[in-house]
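Novice: As a plain string of letters, each chain reads:
Number of protein chains: 2
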Amino acid sequence: MEQYDASKYEKPSVAVDLLVFTIEDRRLKLLMIEREEEPFCGMPALPGVFVRMDETLDETAERGIAEETGLSGIYFEQLYTFGDIHRDPRMRIISVAYMALVPVEKLAYKAGERVRTAYLEDVEDLLAGDKEIAFDHRKIIEYARWRLANKVEYTDIAFHLVGKLFTLPELQIVYEVLLGKELYKANFRKKMADLIEETEYMTSGEAHRPSRLYRRKES
Amino acid sequence: MEQYDASKYEKPSVAVDLLVFTIEDRRLKLLMIEREEEPFCGMPALPGVFVRMDETLDETAERGIAEETGLSGIYFEQLYTFGDIHRDPRMRIISVAYMALVPVEKLAYKAGERVRTAYLEDVEDLLAGDKEIAFDHRKIIEYARWRLANKVEYTDIAFHLVGKLFTLPELQIVYEVLLGKELYKANFRKKMADLIEETEYMTSGEAHRPSRLYRRKES
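These protein sequence lines map, in sequence, to chains A and B. Using the numbering used here, read the first sequence as starting at 1 and increasing by one per residue. Using the numbering used here, read the second sequence as starting at 1 and increasing by one per residue.
It is worth saying that the hints were derived from the structure and are not from the lab. Keep in mind it's a predicted model, so treat the numbers as computed, not measured. Each residue gets a CB set at the ideal place from its N, CA and C atoms; glycine is no exception. The reader is advised that the hints may include incorrect statements.
To be verified - Subject to a maximum C-alpha distance of 20 Å in a straight line, what follows is the list of computed PhoX-like cross-link-like pairs (lysine-lysine):
#	chain 1	residue 1	chain 2	residue 2
1	A	K191	A	K217
2	A	K11	B	K181
3	B	K151	A	K151
What the hints assert, rightly or not - Examples of chain B residues toward chain A, derived with CB under 7 Å:
#	residue
4	K11
5	R92
6	I94
7	V104
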C-alpha cells in the first residue's frame with residue numbers, strides 16, 4: 001500500500017445497497033422503495049444505508065435489512081461493489097451491494113424513514129419495461145438477477161426462499177422461478193434426492209389434500 | 001438512501017488490493033510485496049492502491065496492475081470487498097479486492113515505489129505455514145484461492161493462465177493446479193473438446209518432440 005496521508009485526500013462515501021428477494025405468486029419479487037427527494041424523486045430505488053465507521057460491511061447490511069424489513073437473522077451475502085464515479089450525481093458514493101433471500105411468509109416490510117413506501121416489485125416487470133430506476137440500480141438489479149440464476153445451478157441458495165419445512169412443489173417453484181424455466185417433475189425430484197429428506201409432517205388445510213413436508217438434509 | 005450530509009460524517013478510505021495469480025513450475029503463484037514501513041514492516045502483503053476520486057474501481061485495479069507489473073490488458077475481475085473495522089490499524093480502510101490472472105511468460109514484475117521487493121510467492125506454501133501476512137491479507141488470499149478452485153469448475157477462467165496457443169498438457173496443468181488434484185488425461189480431453197480447437201501449429205524446440213498447439217474456440 002502506498003504511503004497515504006488521510007487528511008490530504010478527499011474520500012468517497014461508502015454505502016450498502018440492499019436487494020431483498022422473495023418469491024410470491026410464483027414470481028421473483030424485490031423490495032424497493034420510492035424516493036421522496038431529489039435526485040430521482042418519485043422513482044423506484046433499492047433501499048440503502050451508509051456504512052458507519054464503527055460497523056463492518058456485514059453489520060451495515062444487517063442493520064439495513066432490519067430497518068427495512070424488521071427482520072434479523074435472514075440469509076444475506078455480499079454481491080458486488082459498484083463504484084462508477086457519477087453513479088450518484090450529488091457526490092462520490094461507492095455502493096457495496098448485498099443480496100438477501102427470505103421466504104415471503106417471513107417478510108414483513110415497512111416504510112423506512114425518508115421514503116414514501118417500501119413495496120415488493122416484480123423483478124421481470126421492473127427490468128422488462130423502460131421505467132426509470134434511480135441511480136445505477138437497474139444495473140445492480142440486473143447483475144443480481146444474473147447471479148441468482150447462476151448460483152442456483154451450483155449452490156443450495158434456493159433453500160433460503162422456502163421455510164424450514166416445504167412441499168416438493170414449493171421447492172420446485174423456487175427453482176423454476178430462479179432459473180426462469182419449467183422443470184420436469186421427475187428430473188427435479190431426482191436431482192433433489194441427495195439434498196432433502198421427508199419429514200413425518202403433512203400440510204393441512206381444507207382447500208387441498210395433504211402433502212408431504214420435506215426439509216433439507218443436515219450436511 | 002437516508003438523507004446524508006457528507007460534511008458531517010467521517011468517511012472510510014477505500015483501496016483496491018490486488019491478487020495477481022500465475023502458474024509457474026506447476027504451482028500457483030501470487031504476486032506479493034514486502035512491506036518496508038509500519039505497520040507490518042518486513043511482512044509479505046498484497047499490493048494495493050487507494051481509489052482516486054476520478055477513477056472507477058476497475059480503473060483503480062487497472063492502474064494498480066500496471067504499476068506493479070507493467071502490464072495492461074490482462075484479465076481481472078472484482079473478487080470481494082473486505083470491510084472489517086480494524087483491518088488496518090492506522091485507520092478505517094475498506095478494501096475492494098481484485099483478482100488478475102496472467103500466463104507467467106507475460107508477467108514481468110517490478111518493485112513499486114515504497115516497497116522493497118515484488119516477487120512471486122507459492123500460494124500453498126504461503127497459506128500452509130504460520131508465517132505472518134500483513135493486514136487481513138491471509139483471509140483475502142484464502143478467499144481468492146477458494147474462489148479460483150470453485151470458478152474453474154463452471155467457468156472458462158483457466159484459459160487466462162495460458163497463452164493464446166497452448167498444448168493440451170499445458171492446459172491440463174492449469175486445471176490441475178487450480179483444482180488441486182490430478183485429472184485423467186482422457187477425461188480431461190473429452191471435457192475440453194467443446195471449448196478448444198486444434199491449430200495448424202506445433203511447438204518447436206530441441207528438448208522435446210513437437211506437440212500440437214490448440215486455441216480456444218470462438219464462442
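Novice: Taking the hints in turn, state whether each one holds.
Specialist: We went through each hint and held it up to the structure:
1. K191/A - K217/A: It holds: about 14 Å lies between the C-alpha atoms, which stays within 20 Å.
2. K11/A - K181/B: Cα-Cα ~44 Å, so violated.
3. K151/B - K151/A: holds, 11 Å
4. K11: Constraint on K11/B satisfied, holds at 4 Å.
5. R92: Nearest chain A Cβ about 6 Å off; hint holds.
6. I94: holds, 6 Å
7. V104: violated, 25 Å
In summary, the numbered hints that this structure violates are 2, 7.
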